[in-house]
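Residue numbers (this note's numbering), protein chains in the order written: chain Y, 13 to 436; chain S, 13 to 436.
Treat each hint with caution, since some may be false.
Where chains are identical, the list cannot tell them apart; a pair therefore holds if satisfied intra-copy or between any two copies.
Each computed EDC-like pair below joins lysine to aspartate or glutamate, with the alpha-carbon atoms no more than 16 Å apart [claimed, not checked]: (1) 382 with 425; (2) 436 with 260; (3) 211 with 247; (4) 406 with 431; (5) 208 with 241; (6) 382 with 431; (7) 95 with 431; (8) 105 with 425; (9) 222 with 332.
The hints are simulated quantities; they were obtained by calculation from the structure and are not laboratory data. What you are looking at is a predicted structure, and each value in this text was computed from that prediction instead of being measured.
Number of protein chains: 2
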Amino acid sequence: MKTIIKGASVLLADGSVKETDIFVDGAKIAKVANMADASADTVIDGKGKFAVPGFVNAHTHASMTLLRSYADDMNLMDWLQNKIWPIEAKMKKDDIYWGAMLAAVEMIRTGTTTFADMYGDMEKVAEVAIDSGLRAVLSRGIIGSAPNGEAAFEENKTLFADYHGAGDGRVTVMFGPHAPYTCPPDFLRRVAEAAKERKAEVHIHLAETKGEVKNCLKDYGKTPIALMEETGILDCGVLGAHCVHLTDEDIALMKKYDTRAAHNPGSNMKLASGIAPVPKLLKAGVCVGLGTDGASSNNNLDMLEEIRLAALLHKVDTLDPLAVPALEAVRMGTEYGAKAVGIQKLGKIEEGCLADIVLFDMSGAAWMPKFDLVSLLVYAANSADVDTVMVNGKLLMEKKKLLTLDEERVLFEANRCAERISAK
Amino acid sequence: MKTIIKGASVLLADGSVKETDIFVDGAKIAKVANMADASADTVIDGKGKFAVPGFVNAHTHASMTLLRSYADDMNLMDWLQNKIWPIEAKMKKDDIYWGAMLAAVEMIRTGTTTFADMYGDMEKVAEVAIDSGLRAVLSRGIIGSAPNGEAAFEENKTLFADYHGAGDGRVTVMFGPHAPYTCPPDFLRRVAEAAKERKAEVHIHLAETKGEVKNCLKDYGKTPIALMEETGILDCGVLGAHCVHLTDEDIALMKKYDTRAAHNPGSNMKLASGIAPVPKLLKAGVCVGLGTDGASSNNNLDMLEEIRLAALLHKVDTLDPLAVPALEAVRMGTEYGAKAVGIQKLGKIEEGCLADIVLFDMSGAAWMPKFDLVSLLVYAANSADVDTVMVNGKLLMEKKKLLTLDEERVLFEANRCAERISAK
Numbered sequence: 013m014k015t016i017i018k019g020a021s022v023l024l025a026d027g028s029v030k031e032t033d034i035f036v037d038g039a040k041i042a043k044v045a046n047m048a049d050a051s052a053d054t055v056i057d058g059k060g061k062f063a064v065p066g067f068v069n070a071h072t073h074a075s076m077t078l079l080r081s082y083a084d085d086m087n088l089m090d091w092l093q094n095k096i097w098p099i100e101a102k103m104k105k106d107d108i109y110w111g112a113m114l115a116a117v118e119m120i121r122t123g124t125t126t127f128a129d130m131y132g133d134m135e136k137v138a139e140v141a142i143d144s145g146l147r148a149v150l151s152r153g154i155i156g157s158a159p160n161g162e163a164a165f166e167e168n169k170t171l172f173a174d175y176h177g178a179g180d181g182r183v184t185v186m187f188g189p190h191a192p193y194t195c196p197p198d199f200l201r202r203v204a205e206a207a208k209e210r211k212a213e214v215h216i217h218l219a220e221t222k223g224e225v226k227n228c229l230k231d232y233g234k235t236p237i238a239l240m241e242e243t244g245i246l247d248c249g250v251l252g253a254h255c256v257h258l259t260d261e262d263i264a265l266m267k268k269y270d271t272r273a274a275h276n277p278g279s280n281m282k283l284a285s286g287i288a289p290v291p292k293l294l295k296a297g298v299c300v301g302l303g304t305d306g307a308s309s310n311n312n313l314d315m316l317e318e319i320r321l322a323a324l325l326h327k328v329d330t331l332d333p334l335a336v337p338a339l340e341a342v343r344m345g346t347e348y349g350a351k352a353v354g355i356q357k358l359g360k361i362e363e364g365c366l367a368d369i370v371l372f373d374m375s376g377a378a379w380m381p382k383f384d385l386v387s388l389l390v391y392a393a394n395s396a397d398v399d400t401v402m403v404n405g406k407l408l409m410e411k412k413k414l415l416t417l418d419e420e421r422v423l424f425e426a427n428r429c430a431e432r433i434s435a436k
Numbered sequence: 013m014k015t016i017i018k019g020a021s022v023l024l025a026d027g028s029v030k031e032t033d034i035f036v037d038g039a040k041i042a043k044v045a046n047m048a049d050a051s052a053d054t055v056i057d058g059k060g061k062f063a064v065p066g067f068v069n070a071h072t073h074a075s076m077t078l079l080r081s082y083a084d085d086m087n088l089m090d091w092l093q094n095k096i097w098p099i100e101a102k103m104k105k106d107d108i109y110w111g112a113m114l115a116a117v118e119m120i121r122t123g124t125t126t127f128a129d130m131y132g133d134m135e136k137v138a139e140v141a142i143d144s145g146l147r148a149v150l151s152r153g154i155i156g157s158a159p160n161g162e163a164a165f166e167e168n169k170t171l172f173a174d175y176h177g178a179g180d181g182r183v184t185v186m187f188g189p190h191a192p193y194t195c196p197p198d199f200l201r202r203v204a205e206a207a208k209e210r211k212a213e214v215h216i217h218l219a220e221t222k223g224e225v226k227n228c229l230k231d232y233g234k235t236p237i238a239l240m241e242e243t244g245i246l247d248c249g250v251l252g253a254h255c256v257h258l259t260d261e262d263i264a265l266m267k268k269y270d271t272r273a274a275h276n277p278g279s280n281m282k283l284a285s286g287i288a289p290v291p292k293l294l295k296a297g298v299c300v301g302l303g304t305d306g307a308s309s310n311n312n313l314d315m316l317e318e319i320r321l322a323a324l325l326h327k328v329d330t331l332d333p334l335a336v337p338a339l340e341a342v343r344m345g346t347e348y349g350a351k352a353v354g355i356q357k358l359g360k361i362e363e364g365c366l367a368d369i370v371l372f373d374m375s376g377a378a379w380m381p382k383f384d385l386v387s388l389l390v391y392a393a394n395s396a397d398v399d400t401v402m403v404n405g406k407l408l409m410e411k412k413k414l415l416t417l418d419e420e421r422v423l424f425e426a427n428r429c430a431e432r433i434s435a436k
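Just chain Y, same shape as in the assembly:
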């Protein structure tokens, strides 16, 4: 299967923008150049479109999209104990599937091509990735201290055995110990061993709140990051979600072990968790991707919004209007995100890279005038401008029409599930 995207304005790997063609052969980008003479199975008219790498959502809980707007503007423990945990307890495999399907519709429509997910019943989310055509990095969220901790650990091993490399390689699997405060050190040591045996990586929440860091210091005399070093987790290759409250020593450890951060500005703002030291991390050479977190704490899966927030929030936090420039924010949502979730040759429009490409329609007023397309994308555009989405060389959406999903049915089923789990 060969596809040519003709005459789009293309965001190249070096950050420049050029009007040219993209030649996709199979799952990969074969050429970024004028292809006047080439033949292809499909030709997409790129005129007036901005071709950018597909967005990588480096941290989410897709099935929680079913809980969107169920509970907001509450204190964290009140929200969790009285609203989220009770309703989550009612979620069955059917809800996990349709919740993730609802997420898939939203992700494709807003230009996300890869998502890193941590939740339960993850084989259902793997099915969603396989069915929808999205790329997914899946981990079974494991609360080591919970009664089902061992069972969840086993499920993660089974998930790895069954789905790592599935869906033409679009699905990969990590281990998902939830957090240092929900998994005791000995448990984490066992997770690290299991991960190393399989050459699997680890997706874990790290240093999200001040309280977590304080308790970690009290209980173990170490910060969450330092504790992860001691337990061997950092040896596995880690995707650390949040990383809000870090010491300089933590940052040095992250750099040493090539630990990647998934920054979730929207969630951190909404839950009042704090502001991650992103400019510092980037300066130290730590890889920082972007995530939406779950839709019950964001409340959408709009990666363009996270890119914009990343660009804006750190400027005002550091009082430096150059803190995170537009192009750097885009890279966090694409190239750095791909690295953060552990996928090689992804997140750039470049020969040899995986063909995950999004075309933005630039015909609307917010794209006028066109002095700088990267600036327009980051500061002005709307995710509803996403026109066409390709993953692994296959079109998932063309001219705003979803090609792999029955949108009407997904919305119907998701609504049915939401009504059931929220029924008194």
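Since chain Y is already given, all that's left is putting chain S on it; use the hints.
Using the frame of chain Y, we list chain S on its own:
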């Protein structure tokens, strides 16, 4: 002219949401109730739509939309002196008109029904308001210390004489002394007198940056707000743009004089100006509206984005997840905004209020599930979901089709103007 919006989910003035009808008679909302038996000239099907008050953009420079993406990610003085001021010097009346027309297209499409504007050649912006059907609160930006300061002051007087109450009352005029650091105290005193003679109000930039406050203290021994009291400006009724760096005494003065703030979270973040003490202002009973500022420092005119930023930014700033709840953020963008720009009976869907109404299409994935529509609007929805827009009882957009503007021509002319002013 009578219109019925039938069976919409309506955001009522008390913050509750009810499925009902809205009966519009002339420029006003005559009834919010089931209107099964009423007849009307136009019936709009509100099923599946969320009817909210039109957004009030309490501070912008519409014509600067022509400079969108021209210069970003720069230090303030570098940006102003080397990019913005030189290109602004090339702008002629034709550019002012088409820049504001480009803004009008974007504003209508994203649900803004009123905008408060400060710039030059404001009779052209008045024409745009009259032609587009938008509601506008216009002021001539006056740099008192500039060579054209007196001329600009005269232009503001003429603008008031010619346009205050124009366009069926949709256009009102304020005086627009730019800021305390560009208008000396004696000049401000004269502006205050001229405003009082006409019972006009004042739109002015106040306490936007730390440097401004520091210089004001050095030059006059007073904060910008206190200096405005001394010069008589506060007596006029003031729409103060930004109000980022305030003392408790400033806040008390604002309360005393009923000075209203136009909070611009997107601009303040992008320019790294700082974070306004919004929860404190609201708690003190100061009216806080929301604005986008100009599109060269935002870079769009999307008020839903500002509402979302207002809800998110102050949570993380105060580390309080209840700091600015969703409904309060909506009110800042509607009801409080209307008060901020000095228009009575606006910003609520209530009998007797002006019929400025926006219908959001709730059919997309981001509106699912529908546990809480206000939460969905603030945290999940996309401004591209705006389906129908009414101002003063007249439809400006229906089912995403603009009814008062020739969009294609506006984009063409705006592009032509942008090319001319940016030509080397």
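Enumerated hints in conflict with the structure, sorted upward: The structure conflicts with hints 2, 4, although it agrees with all the remaining ones.
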